[in-house]
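Undergrad: Can you make the complete structure from the sequences, with help from the hints?
Under our numbering, read the sequence shown as residues 1 to 263, first letter to last.
No lab work stands behind these hints, which were simulated from the structure alone. Some hints could be false.
No farther apart than 20 Å at their CA atoms in a straight line, the calculated lysine to any residue pairs in the SDA-like style are these [as the list claims (entries may be wrong)]:
1) K79 x L94
2) K79 x F37
3) K87 x F29
4) K79 x L186
5) K79 x F98
6) K79 x L35
7) K79 x I133
8) K79 x F64
9) K79 x V214
10) K79 x T189
11) K87 x T202
12) K87 x E208
13) K87 x V214
14) K87 x W185
15) K79 x G33
16) K79 x P61
17) K79 x I96
18) K79 x S101
19) K79 x V91
20) K87 x H203
21) K79 x L100
22) K79 x P215
23) K79 x G113
24) K87 x I6
25) K87 x V69
26) K87 x L220
27) K87 x R216
28) K79 x P204
29) K87 x V207
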Amino acid sequence: MEFFTISMLNGLSYGLLLFMLSSGLTLIFSMMGVLNFAHASFYMVGAYVAYSITRIVGFWPGLFLAPLVVAALGAAFEKYCLRRVHKFGHVPELLITFGLSYVILELVQLIWGRTAVDFQPPELLRGPAFTLINSSIDGLRLVWGAAPAAMCSAADASVRIVCSPFPATRGFMMFIALVMLLALWLMLTRTRIGLVIQSALTHPEMVESLGHNVPRVFMLVFGAGAGLAGLAGVIGGSTFVTEPSMAATVGSVIFVVVVVGGM
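TA: What follows is the structure, encoded as C-alpha cells:
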C-alpha cells in the first residue's frame, strides 16, 4: 500500500511539473496562435539561470529572479524577432522558434558546459516531506519528515517494516504548481488585464480602438509564458538534473500534454 501511495504521488508531482510547463505553452498558443518550439528551451534556461543565481545569493532569490530573467528574454525575442515574421504566417513562426531552440542549446553548452551542473535544492527541501511506515503489526502510519531509524527496523525477524519516504522537493513542486494554477485562473478570469489578453486575440482591432497596445499585450503574454517555463525549470532542475539535454527530455512530452488537454 505504501509503495502504491508513494508511486501515485511521484506520478502526480511529475504531472504537475508538466502542467507548469504546458501552461505557458498553452497561454502563448491560445492567446497568440504561436506554437513555440523553443518553449522547453526556456525551461532549460530557467534552470541554468537559477543555478548561477543560487551560487551567489541562494536558492530562494534564484527561485524568484530566474523566471523574471527568462520572461525578459522571451519578451525581447517576441519584440525583436517573432513580431517581424508574424505577418508571414505560422510556418515562419515555427521555423524561427525552432531555430531559437538550437541557439539556446548551443549558448547553454558554451556558457555552462556540456555536462550536468550540481544544482541542489535548499537545505529545507533536501529531506523527505513525510515517511509512510507499513508494519505487519501496527499497519500503515505517516510520520512527518524523516522517520527515525528505530522505527524502520524490527527487533523481531517475524515483523515486517517498510519505510517509504516522499521527497520534500516533490511536495514543493506540487505546491508551486497548484499556486500557479490558482494565480493563472484568477488573472485570466477576474482581472482587467486578463480580459484584455483574451480579447486581444479574437478582437484585436476592437481592443486597439479602446486604447490598448495589442503588440505590447502579445509581447507580455509571450514573456509571461516563457517566465512560467523558467519557473518550472527552477523547480525541475533542482529536483531532477540540470543538463543540456533536459529540454529535449520534456520537449515532446509537453506538446502531447497540450494536445490531450485541448490547448
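Undergrad: Check the hint pairing K79 with V91 against an upper bound of 20 Å on the C-alpha distance.
TA: This hinted pair holds, its Cα atoms lying about 18 Å apart.
Undergrad: For the pair supplied as a hint, K79 and G113, is the alpha-carbon distance within the 20 Å limit?
TA: It is violated: about 29 Å lies between the C-alpha atoms, which goes past 20 Å.
Undergrad: Verify the proposed pairing of K79 with L100, using a straight-line Cα cut of 20 Å.
TA: Judged against 20 Å, a Cα distance of about 14 Å means the pair holds.
Undergrad: For the pair supplied as a hint, K79 and T189, is the alpha-carbon distance within the 20 Å limit?
TA: Given that 20 Å is the threshold and the Cα spacing comes to 26 Å, the pair is violated.
Undergrad: Need the status of pair K79, P215: alpha-carbon distance at most 20 Å?
TA: Given that 20 Å is the threshold and the Cα spacing comes to 8 Å, the pair holds.
Undergrad: For the pair we were handed, K87 and V69, check the Cα-Cα distance against 20 Å.
TA: violated (27 Å)
Undergrad: Under the criterion that the straight-line Cα-Cα distance not exceed 20 Å, is the pair K79, I133 satisfied?
TA: With Cα atoms ~54 Å apart, K79 and I133 exceed 20 Å; violated.
Undergrad: Below or equal to 20 Å on CA atoms is what counts here, so check K79 against L186.
TA: With a Cα-Cα distance of about 27 Å, the restraint between K79 and L186 is violated, given a limit of 20 Å.
Undergrad: Is K87 close enough to W185, meaning Cα to Cα at most 20 Å?
TA: violated (30 Å)
Undergrad: Hint check: K87 vs H203, CA-CA at most 20 Å. Holds or violated?
TA: holds (17 Å)
Undergrad: K79 and S101 were given as a pair; does the straight-line alpha-carbon distance stay at or below 20 Å?
TA: holds (17 Å)
Undergrad: Compare the distance between the alpha carbons of K79 and P204 with 20 Å, and conclude whether the hinted pair is satisfied.
TA: Judged against 20 Å, a Cα distance of about 17 Å means the pair holds.
Comparing the model with each earlier hint shows violations of hints 4, 7, 8, 10, 14, 16, 23, 24 and 25; every other hint is respected.
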